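Enquirer: Make the full structure from the sequences, and use the hints.
Start counting at 1 in the sequence shown, then tack on 882, and there's your number in the working numbering.
Please keep in mind that the hints were generated in silico from the structure rather than gathered at the bench.
From a predicted model like this one, the values you see are computed outputs, not experimental measurements.
Treat each hint with caution, since some may be false.
[Unchecked claim] Label-pair ranges, simulated between beta-carbon atoms:
#1 Arg923 / Gly1024: 42 to 50 Å
#2 Thr1006 / Asp1043: 42 to 50 Å
#3 Asp919 / Phe1035: 23 to 31 Å
#4 Asn1003 / Lys1037: 36 to 44 Å
#5 Tyr1014 / Arg923: 35 to 43 Å
#6 Asn1053 / Gly912: 20 to 28 Å
Where a beta carbon is used, it is the ideal one built from N, C-alpha and C, also for glycine.
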Amino acid sequence: TTDGYEASPTKRSTYFQGTYGTENTTISAGVQFDIWDIGKRYKILKDGGTYVWEEYDKEDQTKFFISPGIRFQQYFPTNTELLFSIHSQSKMQHLDQVYTSISPEDAIFGIINEPNLEPLNTNTITLGLSQYYKDYLLNVTGYHKAVDNYSSFTKVYMQGDETISWYEYINN
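Expert: Structural data, given as structure tokens:
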């Protein structure tokens, strides 16, 4: 139980990786598969202190995510190593944004969560150069990370009564 809701989500993941190498080159490629089951229903805390069951639509219950990546390393006879990698990760939004702790009727300045949020996508690129000399290593690495679909929220007014409002999560 957290923040007014009680739920039992499950996550299953598996990762496959293959590596090919020669004397001077190594290439690794991998893919991660994630399955999230947020459940058929969960309990929500009402204003009176009692819990009621809320049910998800069937299409909201199970989410599948695929995250591929590749890494390339080249070794040179001058004790130099070049590294390049790219990875794309797709994952579920934070669970506190999926399970709601209140209903619109009880909201009044609260936040209503959303099981249909698009996945959080992260793309990373790494480029590095290393030089080995006796007991020393000089390493210069550049890293870029781009994140899409961060969630935020928007204010929503109750239809017919503009004095009652709450916030709902949305994707950016």
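Enquirer: State for each hint whether it applies.
Expert: Quick rundown of the hints versus the structure:
no., hint, in the structure
1, Arg923 / Gly1024: 42 to 50 Å, "holds, 47 Å"
2, Thr1006 / Asp1043: 42 to 50 Å, "holds, 46 Å"
3, Asp919 / Phe1035: 23 to 31 Å, "holds, 25 Å"
4, Asn1003 / Lys1037: 36 to 44 Å, "violated, 26 Å"
5, Tyr1014 / Arg923: 35 to 43 Å, "violated, 58 Å"
6, Asn1053 / Gly912: 20 to 28 Å, "holds, 27 Å"
Hints 4 and 5 from the list above are not met by this structure, while the remaining hints are.
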